[in-house]
Amino acid sequence: TVTAGESGSHSKIGWQKITEEIVTHCANLGAVGLLWGSSARELAHLFEANSLVEGVHPSPLSAHRGFLGSKPFSMVNQLLESKGKSGITW
Numbered sequence: 017t018v019t020a021g022e023s024g025s026h027s028k029i030g031w032q033k034i035t036e037e038i039v040t041h042c043a044n045l046g047a048v049g050l051l052w053g054s055s056a057r058e059l060a061h062l063f064e065a066n067s068l069v070e071g072v073h074p075s076p077l078s079a080h081r082g083f084l085g086s087k088p089f090s091m092v093n094q095l096l097e098s099k100g101k102s103g104i105t106w
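Going by this note's numbering, the first residue of the sequence shown is number 17, and it counts up by one from there.
Worth double-checking, as some hints may not be accurate.
The calculated label-pair distances, taken between Cβ atoms and stated as ranges, are [what the hints assert, rightly or not]:
id, residue 1, residue 2, range
1, Leu84, Glu37, 29 to 39 Å
2, Lys99, Lys28, 19 to 29 Å
3, Gly30, Ala60, 19 to 29 Å
4, Glu64, Gly21, 11 to 21 Å
5, Ile38, Pro74, 19 to 29 Å
6, Glu97, Thr19, 32 to 42 Å
7, Gly24, Gly100, 30 to 40 Å
8, Ala20, Asn44, 17 to 27 Å
9, Gly100, Thr19, 37 to 47 Å
10, Ile104, Val18, 17 to 27 Å
Quick caveat, the hints were computed from the structure, so don't treat them as lab data. We treat Cβ as the ideally placed atom computed from N, Cα and C, and that holds for glycine.
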């Protein structure tokens, strides 16, 4: 949904409402949120603190600004396992 060469062009076509509804539903079911980037992190308030992993957007521009080495997938699995759920084979 992104126009080539126009970063963020998908953000103004109405995805916010449905995205928030889906995330709210998933969070209410106890899902672990993995939120990358400032836009996604605006939804952090929908998750319990023990059900959330946040980080910078994993783009080439931010790879060396905190994404590389942050181990988000391991962190998600730790949270899932702490809730008695199976980890994900990423």
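- Is 32 to 42 Å right for how far apart the beta carbons of glutamate 97 and threonine 19 are? 40 Å, holds
- Return holds or violated for the Cβ distance of leucine 84 and glutamate 37 against the range 29 to 39 Å. Cβ of leucine 84 to Cβ of glutamate 37: about 32 Å, so the range 29 to 39 Å holds.
- Cβ separation of glutamate 64 and glycine 21, checked against the hinted range 11 to 21 Å: Violated: the Cβ-Cβ distance is about 38 Å, outside 11 to 21 Å.
- Message: Holds or violated: the 30 to 40 Å window for the beta-carbon distance between glycine 24 and glycine 100?
- Response: The hinted range 30 to 40 Å holds for glycine 24 and glycine 100, with Cβ atoms some 38 Å apart.
- Between lysine 99 and lysine 28, does the beta-carbon spacing fit 19 to 29 Å? 36 Å, violated
- Okay, alanine 20 versus asparagine 44 on CB: inside 17 to 27 Å? Given range 17 to 27 Å: violated, Cβ gap about 36 Å.
- Is the hinted range of 17 to 27 Å satisfied by the C-beta distance from isoleucine 104 to valine 18? Given a distance of about 26 Å, which is inside 17 to 27 Å, the answer is holds.
- CB of isoleucine 38 to CB of proline 74, is that within 19 to 29 Å? Check passed, 21 Å falls within 19 to 29 Å.
- Message: Given the hint of 19 to 29 Å, is the C-beta distance from glycine 30 to alanine 60 inside that range or not?
- Response: Since glycine 30 and alanine 60 have Cβ atoms about 22 Å apart, the given range 19 to 29 Å holds.
- Range hint 37 to 47 Å (beta carbons of glycine 100 and threonine 19) holds or violated: At roughly 43 Å between Cβ atoms, threonine 19 and glycine 100 fall inside 37 to 47 Å, so the hint holds.
Checked against the numbered hints given earlier, the structure breaks hints 2, 4, 8 and satisfies all the rest.
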